[in-house]
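Peer 1: In case you want the letters, here they are:
Protein chains: 2
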Amino acid sequence: LSKVIAFVFPQGKGGNKHFQSDKPEGFLQAERTLNFHLLPKTVKRRVYALKRLQLQSANIEAKFYEEVHELERKYAGLYQPNFDKRRDIVAGAVEPTDEECEWQSDREEEELAEDLQKKAALEEKQADSAGADDPRGVPEFWLTIFKRVNMLAEMLQEHDEPILKHLQDITVKFSEPGQPMSFTLEFYFEPNSYFSNTVLTKVYKMKSEPDAEDPFSFEGPEIIDCEGCKIDWHKGKDVTVRIVKKKQKHKGRGTVRTVTKEVPQESFFNFFNPEKGKRKCDLDFTLTTDFEIGHFFRERVIPRAVLYFTGEALEDDESVRLLSCVIQDLDDEGEEEDEGDFDPTVSI
Amino acid sequence: LSKVIAFVFPQGKGGNKHFQSDKPEGFLQAERTLNFHLLPKTVKRRVYALKRLQLQSANIEAKFYEEVHELERKYAGLYQPNFDKRRDIVAGAVEPTDEECEWQSDREEEELAEDLQKKAALEEKQADSAGADDPRGVPEFWLTIFKRVNMLAEMLQEHDEPILKHLQDITVKFSEPGQPMSFTLEFYFEPNSYFSNTVLTKVYKMKSEPDAEDPFSFEGPEIIDCEGCKIDWHKGKDVTVRIVKKKQKHKGRGTVRTVTKEVPQESFFNFFNPEKGKRKCDLDFTLTTDFEIGHFFRERVIPRAVLYFTGEALEDDESVRLLSCVIQDLDDEGEEEDEGDFDPTVSI
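From first to last, the protein sequence lines are chains B and W. Going by this note's numbering, the first residue of the first sequence is number 17, and it counts up by one from there. Going by this note's numbering, the first residue of the second sequence is number 17, and it counts up by one from there.
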């Protein structure tokens with residue numbers, strides 16, 4: 017829904033970009049208030065009346081967004097048969113008919129440079145003969161998407177890849193009417209040797225009403241919290257930790273013994289860490305990223321997965337890429353220092 | 017609607033930012049296609065089936081946005097009584113009751129630095145006594161907004177200001193169901209000495225369906241065209257032109273005579289130039305800005321005018337302001353050179 021119109025105001029809130037701000041913030045604030053105070057009392061009174069009307073509008077707006085949420089629920093149902101079909105084709109549970117596979121790919125062929133095409137033809141032949149044992153469905157469909165989409169690739173570690181080969185579907189579920197607004201991402205896995213869960217979930221809770229303290233900042237539903245789930249790892253398979261050996265010296269006797277300890281390590285599967293959403297205050301930046309990822313799964317990856325698989329979701333917009341770099345730079349400034357690798361042999 | 021969630025992807029389209037793009041675009045494109053070509057035929061076939069499903073989803077999505085548009089029409093009706101009341105209070109046609117003006121402004125008072133407050137108290141007194149002839153409504157309500165919002169202030173010229181003092185309301189009207197999707201901005205003026213129109217309009221036409229050529233780029237309705245209106249200026253009052261005197265030398269006789277000619281000059285009222293939307297190809301940048309302005313009126317200025325009047329729509333988000341500056345810089349790079357002022361005494 018963040019895409020109804022191509023011109024999205026990057027600030028999201030308040031249209032700040034368009035406000036004159038060549039004076040220091042504090043001064044501006046004071047000047048503004050002063051200007052307001054300079055108004056004759058009768059006029060100020062009328063402006064307060066306008067603000068009360070604005071409050072009413074904010075409450076109407078909240079109802080509007082509730083109805084949009086309902087509409088999203090309704091359409092989730094309409095998309096579902098397509099998503100189910102996608103899941104079945106990807107998993108190899110269903111083989112599409114010839115009619116279902118018809119695709120005008122002439123243009124794509126043309127776009128392929130000629131030498132690349134020759135190479136492709138050759139390798140395709142090899143691939144076909146090598147794959148005499150015809151692969152099931154679309155192998156590594158979701159893993160390929162994880163590798164191709166930067167935001168996801170950043171979370172992906174080498175040890176995650178064999179696990180994500182078992183990922184068979186990602187879905188989003190919206191909260192029921194009357195419930196607090198939320199959406200749940202569900203990651204479905206085929207039986208595997210890493211954990212016993214068949215589905216890993218992450219709930220994003222949303223705030224859908226104006227804040228009593230600051231009603232005018234309301235801009236529609238906002239993610240305010242999230243909750244992962246416990247992964248039941250098989251013994252020794254948990255990729256979110258690693259075993260470090262530490263040498264302990266006995267204070268009195270001076271003897272040294274080696275103990276092993278689990279320490280956290282980077283992994284996509286930390287995304288489901290149920291504790292993550294709770295450490296709110298000190299992790300503002302991380303949480304923002306987490307919310308962005310949740311939103312990105314919901315709005316882009318899940319609805320149009322095949323376009324990320326083929327790469328078509330990437331568009332050749334140079335200015336956008338330029339802007340992205342800049343945003344990346346700004347993001348980096350906000351990021352904390354890398355914590356550095358754990359040294360597994362450190363003595364304590 | 018571009019604000020359902022605070023995390024708006026600045027690129028609007030395709031989530032490009034999150035795509036790995038450390039290789040040249042052409043190479044990436046080829047590599048991607050090649051990767052796709054390397055897939056066994058049976059797998060490629062299934063991916064085509066997934067793309068056909070994706071096409072169906074794009075068409076469902078178009079229906080979703082039509083329903084959102086309907087919802088917006090419905091809510092426009094619910095907001096309207098508040099907007100009417102606002103118009104009447106601003107114009108002084110209605111005096112709000114004491115109850116309607118109740119406002120908890122303690123916090124605002126506190127925020128005002130003490131010395132400023134003293135000054136304010138003094139000037140307020142002066143203002144009140146000076147304004148023994150109590151001003152009608154909220155004078156210069158819309159003009160103040162034009163001055164405060166950068167995007168509008170950039171269009172505003174000194175000669176526009178006395179005219180905009182007569183602006184009494186701005187509204188948005190959505191297209192009827194079954195009609196091609198559009199919205200119309202309407203600017204209502206009280207009778208004035210500049211032009212005879214009581215309302216100036218600008219229609220923004222939208223495209224609400226996937227493009228047959230490129231269906232996967234569909235991201236919801238998009239502004240594709242706009243149309244202003246003719247302003248019936250009173251004689252000599254048109255601020256969108258100015259009179260220049262030019263000296264003409266007779267080729268044969270060498271005598272010089274002075275002729276006057278109207279040349280365009282900058283003015284907010286060029287916003288209504290009915291020709292503007294038509295010169296499409298050579299004015300891409302200008303049109304983008306025009307579309308942004310239309311969207312900004314619709315989504316921000318009209319729904320929450322009083323917050324721009326008081327300045328509350330401005331939020332103190334330093335990172336956002338930083339980002340805005342950068343975006344501004346990028347914009348500037350795309351801009352054409354200034355054409356420079358017209359020299360009114362140039363000889364031809």
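A few of these clues could be false.
Derived Cβ-Cβ restraints for the label pairs, each shown as a range [said to hold, decoys possible]:
no. : chain 1 : residue 1 : chain 2 : residue 2 : range
1   : B       : Thr58     : W       : Leu94     : 25 to 33 Å
2   : B       : Val257    : W       : Leu54     : 34 to 42 Å
3   : W       : Gln72     : B       : His182    : 52 to 60 Å
4   : B       : Gly93     : W       : Pro97     : 55 to 63 Å
5   : W       : Gln195    : B       : Glu202    : 19 to 27 Å
6   : W       : Ala169    : B       : Glu225    : 51 to 59 Å
7   : B       : Ala169    : W       : Gln96     : 29 to 37 Å
8   : W       : Pro97     : B       : Thr58     : 52 to 60 Å
9   : W       : Gln96     : B       : Thr58     : 21 to 29 Å
10  : B       : Val257    : W       : Ala169    : 54 to 62 Å
11  : W       : Val257    : B       : Asp241    : 56 to 64 Å
12  : B       : His182    : W       : Leu54     : 21 to 29 Å
13  : W       : Asp104    : B       : Glu202    : 48 to 56 Å
14  : B       : Asp227    : W       : Ala169    : 23 to 31 Å
Just so you know, these hints were derived from the structure itself, not from any lab. Ideal Cβ positions, reconstructed from N, Cα and C, are used throughout, including at glycine.
Peer 1: Against this structure, judge whether each hint is valid.
Peer 2: How the hints compare with the structure:
With their beta carbons about 30 Å apart, threonine 58/B and leucine 94/W fall inside the hinted range of 25 to 33 Å. For the pair valine 257/B and leucine 54/W, the beta carbons lie near 36 Å from each other, so the given range of 34 to 42 Å is met. Against the hinted window of 52 to 60 Å, the Cβ-Cβ separation of glutamine 72/W and histidine 182/B comes to about 28 Å, which falls outside the hint. Look at glycine 93/B against proline 97/W: about 34 Å separates their beta carbons, and that is not inside 55 to 63 Å.
Checking the proposed 19 to 27 Å range against glutamine 195/W and glutamate 202/B shows it is violated: the Cβ atoms sit about 40 Å from each other. Against the hinted window of 51 to 59 Å, the Cβ-Cβ separation of alanine 169/W and glutamate 225/B comes to about 33 Å, which falls outside the hint. Against the hinted window of 29 to 37 Å, the Cβ-Cβ separation of alanine 169/B and glutamine 96/W comes to about 48 Å, which falls outside the hint. In this structure, proline 97/W and threonine 58/B break the distance hint of 52 to 60 Å, their C-beta atoms being roughly 23 Å apart.
The hint said 21 to 29 Å for the Cβ distance between glutamine 96/W and threonine 58/B, and at roughly 26 Å that hint holds. At about 56 Å, the beta-carbon gap between valine 257/B and alanine 169/W stays in the expected band of 54 to 62 Å. Between valine 257/W and aspartate 241/B the beta carbons are some 57 Å apart, a value that agrees with the proposed interval 56 to 64 Å. Checked against the hint of 21 to 29 Å, the C-beta distance between histidine 182/B and leucine 54/W comes to roughly 23 Å, which is consistent with it.
The beta-carbon spacing between aspartate 104/W and glutamate 202/B, approximately 51 Å, falls within the hinted interval of 48 to 56 Å. The beta-carbon spacing between aspartate 227/B and alanine 169/W, approximately 29 Å, falls within the hinted interval of 23 to 31 Å.
Of the numbered hints given earlier, the model fails hints 3, 4, 5, 6, 7, 8; all others are met.
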